[in-house]
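A.B. asks: One-letter residues, chain by chain:
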Amino acid sequence: MKWLWNQIKKEEWSPYAAGILLGVTGVLAVFLSNKLLGASGAFENLAGMIGKGLHIAAFDNTYFNYVMPPGITWGVVLLVGVFFGGMIAAFTSRTWKLRLNSDEQWKRVFGKKIWVRWVLAFLGAIVLEYGAGIAGGCTSGLAISGGMLLAPAAFLFIAAMFASGIATALIVYRRRY
Amino acid sequence: MANYVVALFLGVSFGFSLNKAGLTKYNKIVNVFRLSDLAVLKFMMTALVVAMIGLYGLRGLGLITFPAVPATYIVGNVIGGLIFGIGMALTGY
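First to last, the protein sequences are chains A and B. Numbered continuously in the numbering used here, the first sequence closes out at residue 177. Numbered continuously in the numbering used here, the second sequence closes out at residue 270.
Looking at chain A on its own, in the form it has when it is part of the complex (with noise of 0.2 Å):
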């Protein structure tokens, strides 16, 4: 029992031991709710609600009316847990705080400015997403999700995305890559 709360207590874990925790996660999700675990469609429902709720006329398409209808879905709930689960997992190795930007790696690349961050992360954030629309999840949607079912599309996104993602790495960070 100690040995396990020191375990709990750690700050970071070793990425094969989160990743059995993630895989039983999976497994669970399938077993007990028939649901794949994902991400991205989360924020397409609650965005969906908001654009209908407004009544904007562009949230009246196909998309948004039969492929991701708005709501609160079973996906929603679960990104409430992820969020208050990454919370629980800081409490216990004691790192947690209201951070603007601690990063120092990003700190030496983008300079200090605070606003520069929240700025590109809004913007990456909106490539992101829109990314994720378009191939039908995001890492945890459908690389992961996806891959677990050896679905090809999984398999092609990873690929996609690990070589645009190397392509920006190299022209964000230049001679320091």
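What the hints contain is simulated information worked out from the structure, not anything from laboratory work. All values reported here derive from a predicted model rather than from experimental measurement. C-beta atoms are modelled at their ideal positions from N, C-alpha and C, and glycine is treated no differently. Careful: at least some of the hints might be erroneous.
Stated by the list, open to error - In silico PhoX-like pairs for lysine-lysine, Cα to Cα no more than 25 Å straight-line:
#1 A:Lys107 to A:Lys97
#2 A:Lys97 to B:Lys202
#3 B:Lys202 to A:Lys107
#4 A:Lys97 to A:Lys9
Unchecked claim - Negatives, chain A to chain B, calculated, CB over 10 Å:
#5 Lys10
#6 Gly48
#7 Arg94
Based on these hints, arrange chain B on the given structure of chain A.
C.D. replies: Chain B alone, transformed into the frame defined by chain A:
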């Protein structure tokens, strides 16, 4: 309702594993694209292998049926993935 409680608990477990693997940090995500820290890949692939064994094993025993498998439409998956990678490398999410 019970389904939502399950979703909440699974979400907590999901978020917990992400945080403990360090994937909530900018440098972890971006360094996998610089090939200097492969934690993201190790984490993803371990999860994949564990879940594959679990899911196919349970299906073989007749205990579960698979939910709808994510659709494969080659051009969309690849273009979406290319756009996604740009966002991921810029933000570190």
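A.B. asks: Hints first: check each against the structure and report whether it holds.
C.D. replies: Cross-check of the supplied hints:
no.	hint	verdict
1	A:Lys107 to A:Lys97	holds, 18 Å
2	A:Lys97 to B:Lys202	holds, 13 Å
3	B:Lys202 to A:Lys107	holds, 13 Å
4	A:Lys97 to A:Lys9	holds, 16 Å
5	Lys10	violated, 8 Å
6	Gly48	holds, 18 Å
7	Arg94	holds, 12 Å
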